[in-house]
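Q: Below are the chains, spelled out letter by letter.
There are 2 protein chains.
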Amino acid sequence: MAQWNRSGYFRSSGSRDVNPDLDGERQTASFSVERLTAILDGGADNTRTRRAVEAVIHSDPGFSRENQYFQSQNERYETAVRKSVYLKEKMHQMGWTEDGPEIKYCYRALGGDLAFNVHRVFKNSILALGTDEQIAKWIPLADKYHIIGTYAQTELGHGTFLRGLETTAIFDISTQEFTLNTPKISAMKWWPGDLGRSATHAVVFAQLYIKGKCYGLHAFILQIRSLHDHSPAPGVIVGDIGPKMNFEHIDNGYLMLQNINIPRENMLSRFSQVLPDGTYMKQGSDKINYLTMIITRVQILWTEVIPMLLKACTIAIRYSVVRRQSKLNPGDPEAKILDYQTQQQKLLPLLATAYAFHFMNAYVNEFYNKGYTEIKQENFDSLPELHALTSGLKAIITEYCTAGAEVCLRACGGHGYSALSGLPFLYTKLAASCTYEGENTVLFLQTARFLVKCLAAVHSGQPIPPSAAYLYSVDSGKCQAWTKMDFLRPDIYGEAYRHRATRLLGNAATKLQALVQSGAEQHEAWNQCTVQLVQAAKAHCHYIVVKNFIDTVEKLRNEAEIQKIVKHLCDLFALHGIFSNTGEFLHAGYISGDQMDMVTASYLDLLAIIRNDAVPLVDAFDFTDESLNSALGSYDGHVYQRLYEWAQKSPTNQQVSQAYASYLKPLFQNALSKL
Amino acid sequence: MAQWNRSGYFRSSGSRDVNPDLDGERQTASFSVERLTAILDGGADNTRTRRAVEAVIHSDPGFSRENQYFQSQNERYETAVRKSVYLKEKMHQMGWTEDGPEIKYCYRALGGDLAFNVHRVFKNSILALGTDEQIAKWIPLADKYHIIGTYAQTELGHGTFLRGLETTAIFDISTQEFTLNTPKISAMKWWPGDLGRSATHAVVFAQLYIKGKCYGLHAFILQIRSLHDHSPAPGVIVGDIGPKMNFEHIDNGYLMLQNINIPRENMLSRFSQVLPDGTYMKQGSDKINYLTMIITRVQILWTEVIPMLLKACTIAIRYSVVRRQSKLNPGDPEAKILDYQTQQQKLLPLLATAYAFHFMNAYVNEFYNKGYTEIKQENFDSLPELHALTSGLKAIITEYCTAGAEVCLRACGGHGYSALSGLPFLYTKLAASCTYEGENTVLFLQTARFLVKCLAAVHSGQPIPPSAAYLYSVDSGKCQAWTKMDFLRPDIYGEAYRHRATRLLGNAATKLQALVQSGAEQHEAWNQCTVQLVQAAKAHCHYIVVKNFIDTVEKLRNEAEIQKIVKHLCDLFALHGIFSNTGEFLHAGYISGDQMDMVTASYLDLLAIIRNDAVPLVDAFDFTDESLNSALGSYDGHVYQRLYEWAQKSPTNQQVSQAYASYLKPLFQNALSKL
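These protein sequence lines are chains E and L, in that order. Numbers in my numbering are just positions in the first sequence, counted from 1, shifted up by 61. Numbers in my numbering are just positions in the second sequence, counted from 1, shifted up by 61.
These aren't lab readings, by the way, just hints derived from the structure by calculation. Treat the numbers as computed from the prediction; the structure is a model and nothing was measured. Treat the hints with care, as some may be off.
Put simply, identical chains are the same to the list, so a pair is met inside one copy or across any two.
Straight line, CA to CA, 27 Å or less: simulated BS3-like cross-link-like pairs of lysine-lysine [said to hold, decoys possible]:
#1 K539 x K348
#2 K710 x K490
#3 K616 x K245
#4 K625 x K608
#5 K388 x K514
#6 K628 x K545
#7 K205 x K726
#8 K165 x K205
#9 K272 x K437
#10 K539 x K608
#11 K388 x K539
#12 K625 x K545
#13 K397 x K572
#14 K628 x K616
#15 K348 x K437
#16 K726 x K490
#17 K388 x K572
#18 K272 x K735
#19 K198 x K151
#20 K710 x K397
#21 K151 x K272
#22 K735 x K151
#23 K735 x K198
#24 K245 x K710
#25 K539 x K628
#26 K149 x K198
#27 K165 x K245
#28 K735 x K205
Could you put together the complete structure from these sequences and hints?
A: Have a look at this one:
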């Protein structure tokens, strides 16, 4: 009755047929899905390369994800290590290089769950902070996985506030060694990935002391496990921090150091070094390091975070045209749940958000490349802006993607809650992204600090960076919309977002100033304004995303069909943002109550329009079934068969329950005589 | 250096000392924690009984939760069965009865993760739908666990829309049997708890056919597994649906029936029966059944849902005074993170929400008891209101509690994401509550339907039920607040909530009427208004909760200290709701922009006030460490030691990694000669 195709995925009755409800949705697309896919990929050539890589990966059983949702923490870790080592071989075999285009498509095809992500950070930190000799010594070993490294910065009691780290490295002139110590439990390194069970080496951040004087945080390389038998080095206490909400494939670890001596050469010394006599020397500017942090943050968004929202939308929207429930019209068959306005309201704004964030890529890249060129030339002027922009975008994007995945999960009812839907996996991974690489509230406040400075520059007539240049525009006073159609004009809603961002920042800055003028200490005044400063930073980032979406639509002028549907998405993203934050637009009367009713009307109209293209719009993301790994979201829409087939593979069905023999059987015997 | 106390929980250095930061918070409480606990428990006698039960449960190693976060799905299931069987023995031994006060305290102490919850629904369905003979036959067996039953209603393709269920039961006059069948894959029973691996029997809902005519859904008892060896009965295909986001301790199952014959006596026949000649007879009113559904929904809120928010707040708030990060004042030590306004803004409104929901209990009980008395007397007048009220409250409470647990999790930074914090467990359990016992959007729309009818009654001068009686009040036009202090007046904010609920309902109803008058079909018009109807239902429920909180504060007039702090919580709950939904209050100008600034100011002031009592306010919930099962939230605040001790018990630290021997060791050999 049922069989599995080559990738292990169920097709009913051996045919390649598609669920007719899902198929019907594809017949009426208002645009070429293939063309939109090419645009999303940045060109048809990229699409071809991507699909070629996906074909290689998916046809190799060594990369199968068939059992992913059934594995224990131990199994997920072991699979991740196996696949990572195997991927290196495979890439070598295929002639794909570490800096070639294929690697990112490999990660996309594999859908996460690889090991050695922090090993890459270990390498990057040596490349950034190490001398040429240090790079020459360590990088070739790390490249080939002949050693596995970790990046040990965060401590049990310290994360965001780096200056508070407590690990010490004391230089001893007599031995020419540093002695590293974990002075108390809160100073134990905690969370570094690849540390718990894999790493042989670590870059450890510690407070450098020379002759009793503290020189602040520095990075040291040390060996933590034997290359012979992997046992912890003497004085090293190391282990795994245990189960998490997800990321079970990663061996996040702990590390305690007890009088570990390392040679002077093991301090990473590109920007500062300790001479044999104990002299401390700084050299060059280490500001370029910030660039590493920034690019890491940005890369995670495009490779890990945003694609997960795209996947969640794909799963939930496909399922919502297969699932039927209740009747819209008495006498009709049960309706597709996507035909309910409440379901559209849950999912279609997320679809628009997915496009909005995907299109941010080009904008941020351009920004980054410009900054990178300048910084390479030792011009650090653009660094604060680059930092503020990427901080805020990281925070808003991870926030929205996490919330979005949760909405998708719940929009699939009970089946969304099954691990086999793939949605719990996506949500629980995204939830972590709100904290790692910068906690979101902290990041929003960094953006806010930048914006407050920009506003001060505006008031004193100084030039301000491009991303905040809108603060100079003159306020138009009131929204100029007269009909609900006016709210489909990007100039109208773009201006509304600009107004809101400017007003919220202005209010927060005014309050801050008033508190300081009334005698509050600067830091106390700042604390009392942080709730409003975070609001202002969010409004700024929201504006940047809307503005970029508007610009993207304009650039599609040679693609009439595509431009039309993308314009609808842009309108929906913008109007949904107003509809969901009405107070911030109504507050000062920029938008009136009557105008807000127009926003609502236009917004609800858009839901009905985009609903017709919802499936083609997620098809355009072009995820393979293997990459989605969802019983609800596969291309053919055979939802119920797949849930049933997959459930049978669960270990809960392959093992006789101990509970029966031990606890239930003796009880059931009592009923035998009575039934 | 470290040791474990009798319950397996870590105390540093063998002493019972409390982290000084946490201890300091307790020294300055503005009220008696013990007195507030007694009020929350409904009297000091209840507190005593509860603590006695907790002492019994926690001193029994058979109920230890020490390994909970390290268990596989199989292990969690087996532990749940073991504990459930053992609890029955223990209760017998202690002389605690099924309807005594101790049982709910047992559940509270055990913190969930028991089996046979749906077995209870199986019993209740027989008690509600069965004849006296059926009850006499099945209930004694079920009571003693001599059989385990499940309640098989939901199907793979059908949940909310019960009329759409596809399982059939065809009566055959010649054999006097019903033949049950699962006609297609989407008709397979899917999700029932206790079905996957435990149940011997099931109450199955199926469409009854007699002589080719369908009589709709009826309930049938059938045996699905052997009492001898637990093998599936002939024609029964049964198994476990596999991994979920949580609830791994429950064997949610699937059930396919192929020509299962059961005797005529196995149809539950209190309200309808099939006579030997095939005559179908209805008798009495089965409306009383709704009461069962309603009380189940309500009980889940008080026993499962709301306590989880109380626990999440306890964990996050205690952690937030132990965790220190960054400096508020240069020169000071790092500040407790609860001293940051942004952290207060995350957690303290949730604390107020936890109290708001806890206090709803009395209100709903009163409502329910009144309805119950009437319905017992065959007076069903209050049923629609009871249904609407409990539907809406279930939806809003599960929604807020789920969102709240997520905020708590993220407010604890990286450590919140560790399973050992207990927060992922709470969040992922709460997430399910938004779907089970009625999907929230569906429930809100049921409340909305009731409200629309009430509004029509108002317009035609008819009487309306008490919970919606406010729709009759005259609108005061504009909010009467002149200073920020005015927003601490319950009459002022209560009226604002009333205004908002009335306005949103009025707008949605007006739109609905306009659409119908312009020729739209009733159901289509309804669909086009559902986004706004859900908003209106939420505003109604929000008002009910605020109103009840205000009434609760008034009733505390003989407890001056307690009344003062609870009043602060009530104010905070109300103002946070306005602050978070500004648009709905600003829209029609009921609250002006200037007044909204006062709301914000009062709201932020309240954060600082409640912050001082935050720890005593969560202490008053009086959860035992064992019930919290959180490395971050224990009473003594030894957060870091406990994380470290618990992590070492993880199976990832107790097993040599296969991955090392197979994949890494051969690679590391290459580095030996170079390092």
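Q: Taking the earlier hints as the rules, which of them does this structure contradict?
A: 1, 3, 9, 11, 16, 18, 20, 21, 27
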